[in-house]
Amino acid sequence: MPGTLKWHQSIERKLPVVFSLLLIVLVLGFGWFVSREVHMLAIEAAEQRLARVLRQLVTLVEEAARASLEEGEQAAAEPEVVALARRGPGQESSEPIAPGLAGRRGVLGRLAVASAQTELVAVVTPAGLPILAVAGPAARDDLDPAQEVSRLNPTPGRAAGDESSSPELDGPSPLRSDGHRVFYDLLAPIRDDGRTAGYLVQRRVVTRNTAVTMMIESLVGQGARFGYGNADGSLWTDLRTLRAPPPEGRMAEDLFRYERDGEGEWLGAASPIERTPWMLLVEQPIAAVSESSRRALWRLAGIAAALLVAVVAAAWLFSRQITSPLRSVTAAATAIAGGDYSRRVRADRHDELGILARAFNSMAAKVEASHEELEQQVAHRTAKLSETLDKLSAAQDEILRKEKLAVLGELSSGIGHELRNPLGVMHNAVYILKTKAGDLLSQATHYLEVLERQIQLSEKIIGDLLDVARVRAPERRPVELSELVQEQLLRADVPEEVAVEIDIPDDLPKAAVDPVQAGQVILNLLGNAVQAMDGKGTLAISVRPREEDHSVELRVADSGPGVPAESRNRIFEPLYTTKARGIGLGLSVSRSLARANSGDLELLDARAQGHGGAVFALTLPIVERKAPE
Amino acid sequence: MTAAFDASPSAEPERTRAAPRILIVDDNREMVSSLCDIVELRGWASDRAGSGEAAVAMFNRERYDAVLMDIRMPGINGVEALRMMKRHRPQVPVILMTAYTEHRLVDKANAEGVTEVLAKPLAIETLFGLLERIEKR
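Protein chains in written order, with the working numbering: chain A, 1 to 629; chain B, 1001 to 1137.
For reference, chain B alone in the conformation it holds in the complex (with noise of 0.2 Å):
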């Protein structure tokens, strides 16, 4: 059910190629948009989806520089997804977000080879300051 409204690529397709790409996951619309605008101010270009099934459908489509999902969402979870995106392309950096640190996903989702598990709110500085590590890869 809440998967429309992001079945799309993002709405700013004029980007240099040299601007890094972010998939952004979470079921709350409002937390994907906001997080999308943060982003954009450091420069990344963002695509968003709803659920996990719809994120690991763009991760197989399209090609992105990172990954930032909540790990809680209806259908298949965060680490779910991680799993199957590590699958397909494992040296994209996947980080995840929780409301609450749920041991036994976090420890699932580092034994799939999360890049970060961040708790939510998130603090905006630890995140960016993992974006800069990223682009400096």
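Chain A on its own, in the form it takes in the complex (with noise of 0.2 Å):
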């Protein structure tokens, strides 16, 4: 079924594309979905890490602050605290404090280093003047601590308006700012004897210390962002400079997300400190998350593109495995149907394609086999009709010649009734003549004797030709062909000129043959044979037995010029002849006569017997012999 396929119908290339077409959708669902995941794992991740990063500030910063307030507590607790309150404001409270002489003021000294945030230190009374300060690690060079504890705000005293029932203040205060920096204060009551003397400040700024900042940011990574500010979102910092509060409302949860003014949407954590009016925020935008995971979506789709390659590919040579098979099975199916019965195919494989190969291949065979079975079918047959085509000539030939001596016969028949008419009307004249004429001339006589033998030789003549057109039945008995060669060898009367080779074996079998028919045949040859040579040459007569049929086979051959090949199919025809004299009968009779007595006569192939002259055969049956020795 040869010819060319649409491009849809091809396995070749529907395979791959097929193939291709599926993984594309697999890929792609797979890849939808692991991305979902993934992000959502990265955002979970984030959320966790943020969470824990969160806890850990927290901590670290309510231990910070209970620190502090601890040790601010015990400071306010000492006698020499105690009794700077006692005393109230006084000169000593006005005093310039360099941040160097610290650690010369006692307590308060003590407690001014102890934190590198802490500003300053101060004793204040409950309505919050100022008794005495000292300046801190933190402190701006030109810091007046007086002054700076006079903007205490809201100072614990004033605040309660009145000293004796003021609430107990205390802890860390609400982050402030005053454009420069942001800070915070530290409150620690003095008790003496029951009652608040006065308050143990410390004042710590927030917005010195980038490096935590970074490292917090670090730590979180992704564009981590810290918070730092009033649980009731009056300040935040970022411990840098201010920044926007988280959105309202979103810090009730420990996690939330929210939408930034251009920075897209944002991923957040925030807690309260506890004992403090701080919170802590710790963000992250989820772009940043979600980063890696498309990073990963990425990878996983150059592999994806990779496969892909990799299957259209395959399936290609798939493909082409199981059709480069069937495009040779097709291939050999064309050839065999053009006529090339031997086309094979490769059968070398082990799978369903070798199987169809060997069938293929079994069925080609059985297909050359019979085609081969036909043709020589074909051949038998045409050789059989040549055959019966040869035999049919050969009989319209025989019909020919039986015709034409049937006709030979009836023109001899009226030419030999017409002639002897008036031959016999002379043959009376003559003996009436020569009865009654007796005294005639003597030579006259002569002259009457002449004209009636040849009266005689014509009588005879017709006697032959009316004998030759028609063959008598047969009287067949055996027959000495020797002693019938030698007979009509006499007959012949062979000149001198011509050699006579016979070779005539002693034990041949005697022929079953009318010896006159036969002898009349042999003659018939060795006349020719002689007429042939002019007088001379070889003639040699052999006979040589021919078990197969029981027959022997006289040869009769002649070193004249031989049978022009134009005449060899045409010399048994009665009427035709290639002598000057000479009405062409003879060969037509011998055969006749042969054939009448179950033989044959046959001008063989000079040149194949090595011969240049004419070559005879005469068969002639043989006597059955009885059963041998």
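No wet-lab data here; the hints were simulated from the structure.
All C-beta atoms, glycine included, are put in the ideal place defined by N, C-alpha and C.
Mixed in with the good hints there might be a few duds.
[To be verified] Cut-off 25 Å, straight-line C-alpha distance, at most; resulting in silico cross-link-like pairs (DMTMM-like, lysine to aspartate or glutamate):
| hint | chain 1 | residue 1 | chain 2 | residue 2 |
| --- | --- | --- | --- | --- |
| 1 | B | K1108 | A | E410 |
| 2 | A | K434 | B | E1080 |
| 3 | A | K434 | B | E1062 |
| 4 | A | K436 | B | E1132 |
| 5 | B | K1136 | B | E1116 |
| 6 | A | K436 | B | E1053 |
| 7 | A | K436 | B | E1112 |
| 8 | B | K1108 | A | E418 |
| 9 | A | K434 | B | D1107 |
| 10 | A | K436 | B | D1037 |
| 11 | A | K436 | B | E1040 |
| 12 | A | K434 | B | E1132 |
| 13 | A | K434 | B | E1125 |
[Said to hold, decoys possible] Far from chain A, by Cβ distances over 12 Å, these chain B residues were calculated:
| hint | residue |
| --- | --- |
| 14 | A1018 |
| 15 | D1026 |
| 16 | R1029 |
| 17 | S1034 |
| 18 | R1061 |
| 19 | A1123 |
Using the hints, build the complex out of the two chains.
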């Protein structure tokens, strides 16, 4: 079934496309699912990290705040401090205090250098009036502690209004800012006999701690930001500068997401710090979080593309593996249909295609065998037909020959009859003249005798003619061929210049023929041979038994010019002659006589016999032998 | 066309009563006359006829001691004429002549009681032998 396939009909093309499409759908679906999962996992991980970092920070800050408070409370309980508070505001309070001198100032000095963030440590009255202030490490050079203390806001005492009834002021204050820095105060009440004699104030700056901020942000990573502010949202800082508070209402949740102006969605975690008015916030842009998952997805896409190429190639190879044997089978089938029956396909595979190839080859072998058989049958039939045609042709020739002979017979009969009448009259006339004219001249008598002999000769010619025209039924009997040949040689009157070679075996079986007819045939052959050699040459006569068909073959060969090629097929026809004298009946009658005696007469191919002249073969049946030996 | 010349009896009526008579029949006029001359050499009188029809008519009219007749002739042939003659006078010997042995006619002639069939040209001594035998009868 040769022919070109349309694109969508070819397995070789269809298979890779189908596989590719299937793979694309699978990869896309799987990729979508994986990316969603990865994204969710990344966010979850980011949330957990944020929460963990936040918890740690909160713990740290709480610890620090508590420690600072405890230090403050301990310092406030020192007799030295109580004494200061009891003494009230004095001259010393306005005394400028250099940061370097803090160490010398007893309890307050020690407290001032305890934290790098401490700007100053002061003792104030319950109303907030400064008694004594000491500068800390975070103090600016131009800091006036007394002035700073006066700015305590809200000052504990002032806020209460009434010294005795003022509520306990304790712990850290909310963050405040003066535009340059963000700070807070840690207040510790100074007790003297059950009443509040004053407050110990530690002022700490938070915006000088850039390193901490960077450390925290790098700890969280991926664009993380840090926030530190009042729980009421009044002030927020990232420890470097002021920053916007997180969106209101979201901080109730531990974790939240929100939209930041121009920066997309952010993930945040916030927590209040116990025993302070503060909150801590750690936040991160979701885009940064999903960055890694997106990178992973791109890698996945790359792998998927490579996989796609590999699968398409594999599918193509696979389909080729299937289709190329099919193609070779198709090509072989086409070749066989075109007449090349020996065409086979390779059958060295061990799969279904191998089975197909073997089945195909066995079918092709059968087709070839049956084709050969058919051809042989055709050849056989053709040969038979040819043989039959030859026989038919021979039969036709025979019929023609017989017809000619019949015509000749009638003609001879007519001529003979017509000629015999005048011959008869002449014969009668000669008889009368001879009888009555005894006194005629002796010369006339002589001519009358000549005339009579010529009449007799003519009569004999007519008799012979009539004899050969009519083949009488043979009277067959055992005949010694060598004797027959010798008899005919005598009759043939062979000239002396012709050498006669006779080759007849002694143990030759006798022929079963009519001796007169067989002799006539042999005589005719001898006469023809002598005539062909023009009086001199070699005449060879040989006889050989032919056991296979119970016959003997007598050959008469002459050294004459042979039979011309154009005459070979015609010399057995009646009235055909190559001689100047002769009526062309000898060979025709001879063959008829041979056949009437169950034999045959043929002209052999003289060249094939290695002979220059003509070779005639007379086949004659032999007497059936009794059981041999 | 050949029957006209021999419609008459023989030209030699003056013969001794003892002379035997033969009717010679052939469509060849010269054959007939030569044969007449030949039989006269042996003392036979002869009548001649040129056809089978004429021969039968003469045979019925005259008395003959023998008939010598060709087989092949136009009109009724020698065998046919023989049959008619034998029907009329079966004892008269009839000799037939033929240029060639036409087997079927010869067989028929034998069946009709022919005395002898001679081949042409006639062996004259044979003919004379036959005539001698007829005379002796």
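Okay, the hints, checked on the actual structure:
Between B:K1108 and A:E410 the alpha-carbon distance is near 20 Å, which keeps this suggested pair within the 25 Å criterion. Proposed proximity of A:K434 and B:E1080 is contradicted: the alpha carbons are some 35 Å apart, above 25 Å. Simply put, A:K434 and B:E1062 have alpha-carbon atoms about 33 Å apart, too far for the 25 Å limit, and the pair is violated. This hinted pair checks out: A:K436 and B:E1132 have alpha carbons roughly 20 Å apart, not beyond 25 Å.
Distance check on the hinted pair: B:K1136 and B:E1116 sit about 17 Å apart at the alpha-carbon level, within 25 Å; holds. Taking the CA atoms of A:K436 and B:E1053, the gap is near 33 Å; set against the 25 Å cutoff, the hint is violated. In summary, the hint linking A:K436 to B:E1112 is not supported, as the alpha carbons are separated by about 37 Å, beyond the 25 Å threshold. Taking the CA atoms of B:K1108 and A:E418, the gap is about 22 Å. The hint holds against a cut of 25 Å.
Taking the CA atoms of A:K434 and B:D1107, the gap is near 35 Å; set against the 25 Å cutoff, the hint is violated. The straight-line distance between the Cα atoms of A:K436 and B:D1037 is roughly 10 Å, inside the 25 Å bound, and the hint therefore holds. Note on A:K436 and B:E1040: the hinted pairing holds, with a Cα-Cα distance of about 12 Å set against a maximum of 25 Å. Proposed proximity of A:K434 and B:E1132 is supported: the alpha carbons are some 21 Å apart, at most 25 Å.
Distance restraint check for A:K434 and B:E1125: the Cα-Cα separation of roughly 14 Å lies within the 25 Å cut-off, and the hinted pair is therefore satisfied. Distance check for B:A1018 against chain A: the nearest CB is about 22 Å away, which clears 12 Å, and the non-interface claim stands. At the 12 Å boundary, the C-beta of B:D1026 falls inside the reach of chain A, the nearest C-beta of that chain being 8 Å off. At roughly 10 Å from the closest C-beta of chain A, the C-beta of B:R1029 falls inside 12 Å, breaking its exclusion from the interface.
The non-interface label for B:S1034 is inconsistent with chain A: the shortest C-beta to C-beta separation is roughly 4 Å, within 12 Å. Annotated as non-interface, B:R1061 keeps its C-beta farther than 12 Å from every C-beta of chain A; the closest such distance is 27 Å. Under the 12 Å C-beta cut-off, the non-interface status given to B:A1123 relative to chain A is violated; the minimum distance is some 9 Å.
The structure fails hints 2, 3, 6, 7, 9, 15, 16, 17, 19 (numbered hints given earlier, in ascending order).
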